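Trainee: Chain residues, written in single-letter form:
2 protein chains.
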Amino acid sequence: MTVEKRNAFYAQSGGVTAVINASACGVIQTARAHSDRIGTLYAGRNGIIGALTEDLIDTSRESDADIAALRHTPSGAFGSCRYKLKGLDKNRAEYERLIEVFRAHDIGYFFYNGGGDSQDTSNKVAQFSRAQGYPLTAIGIPKTVDNDLPVTDNCPGFGSVAKYVAVSIREAGFDVASMAKTSTKIFVMEVMGRHAGWIAAAGGLAATTPGAAPHLILFPEITFDEGDFLAKVDACVQTHGYCAIVVSEGLRNAQGQFVAEAGTRDAFGHAQLGGVAPVIAQLIKDRLGHKFHWAVADYLQRAARHIASRTDVEQAYALGRAAVEMALAGENAVMPTIVRLADEPYAWEIGKAALSEVANVEQKMPRDFITADGYGITEACRRYLRPLILGEDYPPYVDGLPQYVTLKNLAVPKKLATGFALA
Amino acid sequence: MTVEKRNAFYAQSGGVTAVINASACGVIQTARAHSDRIGTLYAGRNGIIGALTEDLIDTSRESDADIAALRHTPSGAFGSCRYKLKGLDKNRAEYERLIEVFRAHDIGYFFYNGGGDSQDTSNKVAQFSRAQGYPLTAIGIPKTVDNDLPVTDNCPGFGSVAKYVAVSIREAGFDVASMAKTSTKIFVMEVMGRHAGWIAAAGGLAATTPGAAPHLILFPEITFDEGDFLAKVDACVQTHGYCAIVVSEGLRNAQGQFVAEAGTRDAFGHAQLGGVAPVIAQLIKDRLGHKFHWAVADYLQRAARHIASRTDVEQAYALGRAAVEMALAGENAVMPTIVRLADEPYAWEIGKAALSEVANVEQKMPRDFITADGYGITEACRRYLRPLILGEDYPPYVDGLPQYVTLKNLAVPKKLATGFALA
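Top to bottom, those sequences are chains G and R. Going by this note's numbering, the first residue of the first sequence is number 1, and it counts up by one from there. Going by this note's numbering, the first residue of the second sequence is number 1, and it counts up by one from there.
Just so you know, the hints here were simulated from the structure itself, not pulled from any lab data. Mixed in with the good hints, there may be bad ones.
As the list claims (entries may be wrong) - Calculated cross-link-like contacts (lysine to any residue; reagent style SDA-like; alpha-carbon spacing at most 20 Å):
no.	chain 1	residue 1	chain 2	residue 2
1	R	Lys285	R	Pro210
2	R	Lys408	G	His240
3	R	Lys181	R	Gly289
4	G	Lys408	R	Thr239
Owing to the predicted nature of the structure, the values given are computational and were not obtained by experimental measurement.
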């Protein structure tokens, strides 16, 4: 039996992470290992935009060593984008264009590495190509620091942010404890998670002994109650001499406004963008008088490959590999998932979800992961989160700095006469 | 010949660092190795305040394992303080009290671990005890993330902040490069250094290849020129597609105001405290229209023991050890220093400075360490900084988190009938 050999396309979508390139590494190495079935693996320059504009990268021009180095390189090596394909009813031209580009380059495999929107896109691409009679295998690969995809037990990218946040608040907590007698008594660390408190919750992992930081966590799921919060801060300073706080960027007040935007105005009277940490810190200063410091980790948290979770790296890689293996096994319109087998000792395996199950469903944090008072995480939450930050996976260093790879990213000659105007 | 055996006192002063406890480890382990000469080593709870209030910690109650763990624990294990002793003419009572406490506990060795102010204090304590006929050996141990002590080639604490800043801007730079096509084009990272640009300069170490982040550094030494800066940012985005910026918290405008305070007002019209990064980011958005992200690392940078420089850890430890050895060798009113023997391969040894040389002298960054245009570092600067971030020194991890020690810090029974009211 001869098996048809076709080319493949891989693209990264949405906000990048410390480990999305580990998934890319899994995809590319596995494709290379199956060169009898998969010809050239093309990557989209800047994600799906690269497919729409026929701006393809020839990954076969990259050395094995450079592809291996993707495993320890944060960010999106081929460029990512925030560009959501519209529905088939709204912009059929985008889907037609994708098929046109895929057909021109004999692309039979479509691997799309992203969050919920991207899984939705993959699903639509699978449906459309089927309807058009164009043979295409579409496989999603999960990625999101927000940990908000359904079916999969967790999302690659999240574990490393979680580890960064837990390590950072532990370290800052030690610092503030040292200074509290005569100086800083309040430390506020702002973390990502506009809609869900997964990342903020991860900060809670640092508090493994009584009285350890963080003392309070402000979740987007819990409406900010200024009076109650200040009372908690006051009690904490009375008891421990200081108070270390993790606050989610998505914290909202009773009016449903982001606290980050409700508090301050710039010199022109505009609501200031970003920065709930300084708002919370200043509130404490104004009302309780304590000296404060605050930090906003922003991209540092999701790019922090230097302190990535080994579990996260391994899972990201395994999901990339599984995506290719599923494609070769004849699957279509699916996404490999992480299935948890045991919490302690942690055990997991690769599972599978239909893209239709995953697309546009947001996994919320269960209310019973947050303590009754709304400022901490429960034992159930710890049990869930703990394995995800297990292990270290240090990148190589030269001259004191991590050695991350920048690929050549050589362009594939265009075959189509027409361009494509992005919507 | 019988040698007198006396107790010792050690205290941490000012802002803590990722490696000041490594110096403490060096002091305590070396003192324990010389138990024929040094009796009990007492630590001041919350620094010099512990001496003034006779709140001493008995370090002999800590296990060898816990003392060893100080080497990889950030922050100040005995508590630090921001409390500067006044001059002898202004508050003689403080010096008299120190001698009273030292005499009550037969303390013959005074080790004070801090910055310029602390070296000044050590020097005054040495002078005063001599004048009073109280036999005391006073040795300073350098520490400051600001790297602003004279004589010593560099200060423990700085190398680890430098490494954190360089690693972080490299990682964030990779992230922004991935996103720039359709999303974030500007990233601004704020770092410490109110008066000197050493830490900001360290960010420049990340730019080892053409076009790599950071593209621009804003130093406290260079007056902020808005128009010139915006032109530079614009050119950078044109050339590279994005722009990654390191800004020192100490950046000032032509009027000499901190840019952090000049730009924004809170809802009540007060100048907002802290945060030059959002001011710079918003300025770029308003004038050039680019989407931005910003980060303020704050304490995370100086507490980041997880990514400490091995060079820094080794030097911090060696300086602690040298302090005790100098005391035992009969030195007084001195501070061990780092002497650079070679840049490449890096070689250093311990030297010695008189406290009178060190006290109240601030080491500024040479102008020729900053490029002519004011936005980058020169090769001379790289040559100086590069060795200081060399090597990693990872702490042990349990359950995915670094294991930092919290000491028992048991109080020594008071011997004096009187307390002491702090000024």
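Trainee: Now, for every hint given, state plainly whether the structure supports it.
Mentor: Comparing the hints with the structure gives:
1. Lys285(R) to Pro210(R): Outside the cut-off at roughly 25 Å; violated.
2. Lys408(R) to His240(G): Answer holds: Lys408(R) to His240(G) is near 15 Å, not above 20 Å.
3. Lys181(R) to Gly289(R): holds (14 Å)
4. Lys408(G) to Thr239(R): holds (17 Å)
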